[in-house]
Every structure is written in structure tokens, then in C-alpha cells.
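Asker: The listed protein sequences correspond, in order, to chains A and B. So the first sequence is numbered by UniProt numbering: it starts at 1 and just counts up by one. So the second sequence is numbered by UniProt numbering: it starts at 1 and just counts up by one.
Read the hints as simulated data drawn from the structure, not as lab findings. Keep in mind that the hints are not guaranteed to be accurate.
A pair counts as met if it fits within one copy or between any two copies, since identical chains are not told apart.
Said to hold, decoys possible - PhoX-like, lysine-lysine: derived pairs with alpha carbons at most 25 Å apart:
#1 K334 with K355
#2 K210 with K234
#3 K453 with K210
#4 K234 with K347
#5 K255 with K222
#6 K187 with K242
#7 K456 with K234
#8 K178 with K456
#9 K255 with K210
#10 K233 with K347
#11 K197 with K222
#12 K233 with K255
#13 K210 with K456
#14 K242 with K210
#15 K242 with K255
Listed here are the chains, written in short residue letters.
2 protein chains.
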Amino acid sequence: MEITRRNFKESLGAVYGAVEEADFLAIDGEFSGISDGPSVSALTNGMDTPEERYAKLRKHSMDFLLFQFGLCTFRYDQAQSKYLTKSFNFYIFPKPFSRTSPDIKFICQSSSIDFLASQGFDFNKVFRSGIPYLNQDEEAQLREQYEERRNQMNGSGTPSYISPLSGKGPVNVPDEHKDFINRVVEKVEALLNNSEKTVDLEPCSGFQRKLIFQTLNWKYPKGLHVETVETEKKERFIQVSKVDEEERRRIEQQKQEREQEELNDAVGFSRVIHAISKSGKLVVGHNMLLDVMHTIHQFYCPLPEELDDFKEVTMCVFPRLLDTKLMASTQPFKDLITNTSLAELEKQLKEKPFKAPKVGCSEGFQCYDTAAEQLHEAGYDAYITGLCFVSMANYLGSFLTPPRAHISARSKLIEPFYNKLFLMRVVDIPYLNISGPDLQPKRDHVLYVTFPKEWKTSDLYQLFSAFGNIQVSWIDDTSAFVSLSQLEQVQIAMNTSQYAESYRIQTYADYMQSKQKSTSKNRKWAEDGWANTTCSHMHNRSLTGKRSISPTQEDQTSDFGVADSNWSHYTKKIKTDAGGSGGCGQTYAVDSTTDSWLKPQPGEAAVSTSPAQGEAGSEEADAWPELPANQNQGSQATSTGLFDVPQVW
Amino acid sequence: MEITRRNFKESLGAVYGAVEEADFLAIDGEFSGISDGPSVSALTNGMDTPEERYAKLRKHSMDFLLFQFGLCTFRYDQAQSKYLTKSFNFYIFPKPFSRTSPDIKFICQSSSIDFLASQGFDFNKVFRSGIPYLNQDEEAQLREQYEERRNQMNGSGTPSYISPLSGKGPVNVPDEHKDFINRVVEKVEALLNNSEKTVDLEPCSGFQRKLIFQTLNWKYPKGLHVETVETEKKERFIQVSKVDEEERRRIEQQKQEREQEELNDAVGFSRVIHAISKSGKLVVGHNMLLDVMHTIHQFYCPLPEELDDFKEVTMCVFPRLLDTKLMASTQPFKDLITNTSLAELEKQLKEKPFKAPKVGCSEGFQCYDTAAEQLHEAGYDAYITGLCFVSMANYLGSFLTPPRAHISARSKLIEPFYNKLFLMRVVDIPYLNISGPDLQPKRDHVLYVTFPKEWKTSDLYQLFSAFGNIQVSWIDDTSAFVSLSQLEQVQIAMNTSQYAESYRIQTYADYMQSKQKSTSKNRKWAEDGWANTTCSHMHNRSLTGKRSISPTQEDQTSDFGVADSNWSHYTKKIKTDAGGSGGCGQTYAVDSTTDSWLKPQPGEAAVSTSPAQGEAGSEEADAWPELPANQNQGSQATSTGLFDVPQVW
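Extracted from the complex, chain A is given alone in its bound form:
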């Protein structure tokens, strides 16, 4: 279903209903650009830390507009043994709804626009009929404006400032307006003494209208209703009506309802995101980090500076996320899937050993035909993302004894994939862990190299040609990370470089230490993860400035030397009391030295990966399959090949 400003209000009920009944939701966004940095590749160094990557995306990607949002809801129909889908394709545009509303500026990147144009994207629909939206702060401000104006009209408002030279009297009318105001008062006196019900005053300036409101409120605190009316020519004048108290209250009531509707219209598309958020349902996306960041940034609040704060906000807005690109890049899928781009993935997941999921369209909803490939229409992309998820989830069912053909979106089998968002082009950190600390791979085999700006990749290959296979991750014109295949070579390279004049080599650890010397801030995760986080404030006010940190977390916060906290703990198990987060009987170890990443380690030191883990002992918990590990196995030589690093954005 295509939804624009024209049919948004009448469609909202259908959207709410679809979210309400769904087993899971799939989403996708289309943006006006990806990176406003010097180049897209500068955004994605292969050796970025999660913090660095988040900071780059936040800085260089959030000024683009999310202007198409796809939502596809999936409800499993037991009787028909298939999913029924409802697909929505929303066009979004921050049309200023009044003269005082925010006038959003957004960046367009010509390559992205050109790409969408080549896919037949309808920009006219976005710009002419896009649904407006407000973030939480803007909504609150608008609400306050309405209240303030109402108070001012009622004369009950306290002035927010003290005017200079203002007299003791309630209304200080400047000399040049005194005649004007006197004439108004005469007209109102006449009204009160004749049989007319209303009198229209002549059009006048905003300042004069303010004087009229103040004067009439002061002189006639009861018995009058005073209202600004706009003519067809957009001229504003004041209409004064005689009313009794009951009528005045009724008019007031109507006005408030009208204002509430105006407010709802202004909040616009954000209401859809609020509904998704409040449902708490599993939200599936493909390579969804930017989708999640944009959605929060545009419809909730400007993204926080720190990654940990972003994670907290994200868990409030989307308590359960699943990224199909990360899932497809993880065992048991990794070995079976050669190309994890959405279009290719969808095709491969129809073929053996996978099965095309059984889906049907809900009544009244247009069906997408995957053979027609409406790629890069957000609604379609959301739809096939959902299909991919169903197909992969069902495949996991084949490992059960007895095998199951249908795996529900609430199954424990998919929990290991919860809240892990695919990280593009990071060679040894496959995902951003939204609900816990991130992986911290050892980078002992990595060198930081600086060189003249004329150097190209081939020069680095030549420089390290004696060392066999290397991997180059460009940082900027004059520096790059070079990963060697053998740890022993690091010392040799370091020794050789002593005599070099044109280039310089540092170990990764040294480089990070010198880089982070100035930024000593380092928050440790609370042992019980997000258990203490309260999200309720997200649905009232936004979380732009200081977050409220739970006492437990605050107590745990301390500064560590970098080598201690960030970069050398990867091989250690992160100690967490598995019982601490609510009697969870099922935990998953993050451990690079064993094959146990996806394997349940009951009672062992582990990180809780899912807010749903409290529901221990569900139907499939005992039948957990022994999936092959997909994590760094201690040998740097193979670690980088464990996840497919896509070649194109």
C-alpha cells in the first residue's frame, strides 16, 4: 500500500492494525545520500572500531533525508500454514506545516540520487506528497506553543519575561496605537449593548492583535470570546463574540480538539514509528544499521555522541532487532550463501537447501511479485527482507529433532542473532552489538603505516611484498592499516622500517594508545547489560542531552588504561553473572578461543544477548543445534575471511 500525505490519516488505522497483529515486522529506508565525507570509502575503514564507525556514520550520514520508509508486517496464519503480509510504502517529507515550524535542511548526494533515479524512484511523490513528521523535542515544543497561546488567549498566562519600561497597568499601549485600541474598545462596547452576536474588527498587524487580546482580556474577563480569523487573502483580523460561560467553554473545547488534530498531523509519520516501537515486536532489516540510525535521528532525537548512549536509545526504540545480512554472513548460512546483497540473497534462499517461504497477501493489500523485482522501493525491500528472514529461520528448524518446517519469530533459535547489526567492511568485527559490549578482536598482526600522499595500494603491496599476503585498510591519503598474515612478521617489519625515510610503521596497539591518550573516557558495561535501563521517557521526551544512568551503571563506570580495557581483553571471557539478568537459563559465550559462539553454555560465564532471555525453557530451548562457530579463532591468518566483506556499499 502506497501512503502519502493524501491518504495518511485514513490509512493510519490499517497500519496500527497490521503492526498489532503481526508476528514480526520488516523495515527498509531509502535516503537522499550516504556520506557527506570526502568519499564513501573514507567512511568505512576496515579497521574501524565500533566507536569510530558509529562516530563516522553519525557525523557524515545523518544530514541526509530518509524519504521513503518501507514497512512489511508478517502474520503467521496457522490454518493456512503460511505468512500473510501487509506491505506499506511511505513517502516522507518534512513539509513545514506553519510559518513557525522547523524548516528542515537536508543534503542530497548526487550519486545516490542518480542511482534512485535510474531505479525509477518518484521524487515528485516525495516532495509534493510526502508525509511530514516531528521528532520528540519538536513535538513537545509544538505542544508547549499551543498551551502557551491558549493561556495567553485566556489571559491566564504568566508573561515569560518582563518588558522594559512597562507600566504597572496590565496593558501598556504605545502612544501611536492608543487611538486604534480606543476605537476597538468602542466597537466592543457597542456590541455588548446591541443585539448582534459578533463583530469583526478590521485587519491589523500581529502586534496590534496582541494589544487587542490583552486589552479585551483585561477589560472584559468574562462574556466575550475573542479569536483571530484569517480571510481567504490570508489577512488576519479579530472576531469578537458575546458568549456565556458554557458557550465559551464549548468553543474552548472545540478549539483544543482542533489543535490536537493539528498536532497529530504535524507529528505525522513519527506516529508510525512510535507504534512499531511500542509494539516491542521483532523488527527485521537488511544491513540495517543506517536504517536504524536514520529512523531514530529523524523521528525520535538527534543521535547521541557516544556509541553506548546510542545503543541504549536504540534498545528503547527497537527492543528486538535482527539484521538479515548479519544472519546470512553467520554460520550455518555463511558457507551456503555466496552473495549477501539483498537481491541475491532472496534468490539463493529460494533454492536448496533452503525453501521459498509460503506467503500470501492479506486481503486488500497489493502483492509484490518477486519475479518483477521492484528493488529499492522501500516497501518491496522490506517485503523480501522479511522473506529472507523466514527462509533462514525455517532452515534452522531443520536442525531440530524432529525437524520443523516453520520456526516462529519468537523462537529461541533466532535469539543469537538479536540486536547484532551488520558492520560494513570491518574485517574482524562482523557486527555492532546493540544490547551489550562489542567484540574486541586482537589486532597484533596489524600495522599502522604512514607514507607520502602519492602512494597507492600497489606501493604498499610492494613494500610488504616479502611478507606474502597482506590486507590494506586505507585511513586517509597518507596512512593505512596493513594486516600481515603471520604474527611473527610484525617484528621484522618494525625492524626494517627503522631505516626507512619515506614511510613509518607503528604497531596497532601503539597507534591506538597514542590516539586515545587525550580521550580517556571509557565506560564499562554494567554486568547485567540493559536490565536497569528505563525506556519510558523515550515516549514522552527525547533523549538528547544527558541520559539518566542507573546507579548500578554509574557505580561501574571507571577509567581504564586503554591496553587494559579496550584492546587486550578479547581473548578473555567477559564475566557476567548469568543468573543476574533474571534467572536466565540460557546464555551464549563470547569466546574467541573455542567454537562456542552460537552454542549455549548453560551456567557458564557469558554475555546476555537478548532481553527475551527471561523466558527460559521454551519449546525449542532443549533442542539447540550445534552450529559451527563463526568467530575469530585465535589465528589472525583466517580471521578476516570468516565474514564476507561486501565489495560494494
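Since the structure of chain A is provided, determine the placement of chain B on it from the hints.
Answerer: Frame of chain A; chain B shown alone:
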């Protein structure tokens, strides 16, 4: 005529022809936004100096995209006694033409986009079919790239850097590629010894292709043509052909021609602007400062930091400009025209005492119907801007003895309006003088007031209520300029404010002095204006960094105290040797104390206002009309009312 990427090349001849034959040109641009500052009004303080205004527009407006350019050419047909017009409506979009071309990012302002959308603007046409462009630097870079690549292919290029660890031999093939290269050499040897003409190598990486080029160039400096070919699947492979020297040269020649065409395609719409520029013809626009700035910024070079440099660049690109909004706001039109917005102006200039100009469409060109009002389509706006100019120019002819019904675009009558671009909302500086120093009105009656951020305009009115009429020009939340109507009041206001706690008052002169203390740079205009400026380099390389300043100008450059140079010379006549710029017998005094702004002052101290002044003694020179003055007349009380300051942008 609507011109997009699809018909640009075939239409270019018609555009060139139309510019060539025209008497004058009218232009108009549509942008993706106006101001990326906090608000549009912050961009236009009523007391901005020309330097401040230029700096604001440069900083806050140049990141928008000029995405529709209207050009309407006007040729006077003596036989029919009417103008024949050719109107072009160009859609512009910086589509990246290759993987290495610049990926432009531009800002969209939702209010501007929404406005254009409401006017039926076709964004799909812009983004799907817009004509690309390059500025002068980008064009030069691309040209260099082509040359470098050609040299590299020929083996004649000198490497731009020295590779590390590179051996003495001409090609250093890394070990892992040696087998691959050896196999290539074997294939080429086989080709040389058999009867085939060409051999296609297998697809390979860019680095491998480079190695192949280098190896074959070194091993077989003659007799081979080596070329990269792309398959339909975008795979690149190398094709090696046996050629004799003549054939090799012919292939080379074809390739160069193909490259030149590619280059022309990439330069795209900029070629139209180059043609307009080279024609040196009068270019008419309505409220055209932003149009001129955007055109130069997008198609020539990033705008220079200093206003004077901008003026110089502008005179190079557009040697004769005329702004119809400035013309309509100047006597004798000012008293006859109540609304200078383009649509209203066009209507008024059809009525008495004006006459609708006689115009017709050139053959093969679609005619605009002014009754249909296709406002905000750039081609239409350019067309009616031209009509307004013709109507006003002809009206000037009624002052001649005997009166003339047609005044040519080359007439001396319109020279006083040359190169003066309307300044929006500056109360006492009606225009930016592109070909000379700007007006420097006395601002003795202006106060700089700071106050708490809660204050509104009404608070300022109250504060100064004893002083009668005032004019408020907001600077930011906590400061504004307040113009008093009586000079004597300044001292009273200053005295009163000594005891004030919540606000503070400074005279304008004090404020400017304290503001400019740190920026002492101040270039004095050369006495002969732009006479020594050479523009030739504009059509070769851009003017982004250091400009070349003629020795005369450089000698004149010196630092002045602010009070000396900028702010107190307004009432003095600017001394210029009228004979110095080429025996010009007709000059115009800039003098705020007399009524002589538009009156010729032969032989008197004056500023030369036009590059065409050398043609003294033309047909109308003797019949110069005594137009009423429109300049600041020494009385501050009336100075601000002399020009209509439009209420809307």
C-alpha cells in the same frame, strides 16, 4: 524550449546561435534552497554592509543547487519593430559521469522544495534527466587525467612519484603476479608470430591491467596497440592488437576525439554559461544577486572570500549586468511602481504610463503566454524579466526630444543601471555595485542595542517610544540596530541608557569600530576601477586561490583605519580621473549631497560606471534626461524610504 540531458547536445547549436544574434539576454535560476542559516531573516539584516551581506550569502546559500536555469534571448527585428525571443529552460543535475568524477552533495531546504512543488516543479526531470556540468577546476583536472592516462598508455609519462622498494628495471612485478604476467607475455608473443590481428586477454584487476600496460610498453615499444575494453557485464579486459605506426596513430587520434567528446559531455551545461560570458552581452535578471553568485559558484569557481574579489570575478564572467528589480526601485520608476515582485512588475509594466513591449516568438520556439503565468519556471521568469526590461527601457525613451518608442539594449540611457544588483532588505544601500565601490551611507542615527533574549520587537518600540518612529533591524536573539528618525535623539538615547541594566546602547560608529578592530584588511579601489583587470584567465583556469592583481591596483592597496576608509567617506566625492579610463566624456557622480546621481556631470569628479563608456558621443548622449535623484540626500529621516524594501524574500 525545454533542454535536458536527452536533447542537450543536439540543442547546443541553437543555444549558441540564439546568444550570438541576441541584443540582450535574460536569465533566471531556481535553487534547492535559499539559506542554511538558522533562518532566512538572519541572512538579511537591514543594516548589513555590502561586505557582510556578501559573506552571509556566500556562507549560507552556496551549498544549494541551481537546478533549473532559464535563458531567454531577445533580438530586435527592425523590420517588424519588435523583439523576437528564444526561450530555453535547462534542467541541471551534477550526475557523476564516471566512478572517479566528483560526487556533489547539495542541500535542500524543505520550505523552498515545498514551494517549488506547489508550483508544479518537476523534480523527476531534474534528477533523472538534468544536464551535468563541471566548474573550471574540475574541467582542468579531468583534462589532465585524460592526458596523464594517455601518456601512461604510451609509456611516455614520467611517474609522478617514486615507488618504494622499486627496482631499477622499468616494471616491478610483485611475486604473486609474476606467473600471470608471464602468461600474458606468452600470449602476446604468440600473437606476434601468428596471423591473428588481435588477442583478448582474460578479465583482471586494475592493478594487473596496470602491470600489463607497463610490461607490454616496455617490452614492445612499437607495433602493438593495447587497450582496456569493457564487456556488457562491466568486466574489464585488455585487448592487444598488432598495428603499424600509421594505424597506431589513427587509433590514437580517434581515441583523443572520443575523449574530447567525453570531456565536452562532462563540462555539459557550463558550456552554455561560457557562451553567455564570452558574448559579453547585456545580461538581465530580476533580483539577480543570488542567480549571479550561484552561476559563478557552480559553473566557474568557488566564490572568493572577499567581496572585491567577487566583483572582479563577476565582471569577468558577466561584464554587463542589469537588475530589473533595482531598475524598478529607482527613479523615474520608483514613484510609478508599487510592487517590484516579478509577477506584479510584469503586470504593471503593461499599463500606462508604460507600454507592453511588442514581442514575438522566433520560429521553432514555443511562446510563453503571460496570461497563463508559468511563474517559477526559470525559462518563463527569464522571459518576463526581459519583457520588464524592454518596457522600462522604452519608457526612458519618452524623456528624449523627440521621444523614442524603442530604446536599444545598448543605449546610454540604461547605462546608469549597469552592474548594480539589488540588495534585499538593506534599508539604506539599495544595490551592490559590481563595477566599483559601494555606497557608504552615514549611519549616525543608528544605534546598536543589546538586550535579554526574551525581548521582542514590541519591547524595542516601547524602549524608544519617546522618540517617535524607529526602525528595528534584528541581528540576533540579543541584539538589533535601531534607526532613530532624528539625529538629535541619538545623544539623548545614549545618555538615558547609562542607567539601564537590562540593555546596552552603542552608536553605530563605535560598534563597527570595535567589531572591525581585529580585521584590519581593507582594500582601496583602484582609481580607474576595473580598467586594468584581465579576464582572459577565467576562460582557461579558475580563480579560486590568489588572484592576479594588476600592478596599478596592487600599488594602491593599503590598510586604512576603519573610520577613515569605510564609514566616513560617504559624503565625499570619490575622486576619479574621468579621462583615465579611456577618454570617457560621460560620467556619473556618486554624491549624496546633490540630486545628481543619474545626471551626467561631464568632466566632473565621478566614478565610471560602465565598461561601455568609451563609446562617447553616441546618438542619445546629448539628450540625457534629467531624472529625479534617488540617492541618500543627507537627511537620515527620509533615506530609508527611498527604496522599497520588499517584505517577502
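Asker: Looking back at the numbered hints, which does the structure fail to meet, lowest number first?
Answerer: Every hint satisfied by this model.
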